[in-house]
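*Asks:* Residue numbering for the sequence shown follows the numbering used here, starting at 1 and increasing by one per position.
Think of the hints as simulated: they come from the structure by calculation, not from any bench. Backbone N, C-alpha and C define an ideal beta-carbon position, used for all residues, glycine too. Treat each hint with caution, since some may be false.
[What the hints assert, rightly or not] Pairwise CB distance ranges (calculated):
(1) Arg70 <-> Pro18: 14 to 24 Å
(2) Glu69 <-> Pro18: 29 to 39 Å
(3) Pro33 <-> Glu12: 14 to 24 Å
(4) Arg11 <-> Glu34: 33 to 43 Å
(5) Tyr30 <-> Ala50: 28 to 38 Å
(6) Gln13 <-> Pro82: 16 to 26 Å
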Amino acid sequence: MVAMASARALREQDGEGPVIPGGCFLGFLYVAPERWGRGIGGAVLDAVLAEAERRHQPRMHLLTHPDNERSQRLYRSRGFSPTGRSADGQGEWVREPGKSRD
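Make a model of the complete structure from these sequences and hints.
*Replies:* Structure follows, in structure tokens:
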């Protein structure tokens with residue numbers, strides 16, 4: 001295995017409340033370090049985004065560490081931007097419906 005991702009329906013109250021219609025939360029996206037720089041993360045993220053669209057959950061949120069520049073470059077390239085909110089020392093990012101690659 002070289003990569004994996006997990007996403008679920010977006011929920012109110014930091015994931016403990018009712019489902020937010022049209023929303024999805026990317027719990028993690030992992031690529032084995034020895035495979036970094038080969039486009040695998042982008043391919044996996046594109047597949048997650050396509051599946052979220054198929055499930056009518058186009059608004060995607062995620063959390064990432066403020067110093068994780070590699071991940072932030074990937075997320076920006078797919079239309080994500082920081083919200084200014086944080087949780088557990090990580091910054092929240094969101095991709096609004098209709099956003100695509102820069």
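*Asks:* Each hint should be assessed against the structure and marked as holding or not.
*Replies:* How the hints compare with the structure:
Between Arg70 and Pro18 the beta carbon distance is about 34 Å. The supplied range of 14 to 24 Å is therefore violated. Checked against the given bound of 29 to 39 Å, the beta carbons of Glu69 and Pro18, roughly 34 Å apart, stay inside it. Checked against the hint of 14 to 24 Å, the C-beta distance between Pro33 and Glu12 comes to roughly 35 Å, which is inconsistent with it. Here the CB-CB span from Arg11 to Glu34 is close to 35 Å, well matched to the stated 33 to 43 Å.
The supplied range of 28 to 38 Å is broken by Tyr30 and Ala50, whose beta-carbon atoms lie about 19 Å from each other. The beta-carbon spacing between Gln13 and Pro82, approximately 21 Å, falls within the hinted interval of 16 to 26 Å.
Taken one by one, the earlier hints fail for this structure at numbers 1, 3 and 5, listed in ascending order.
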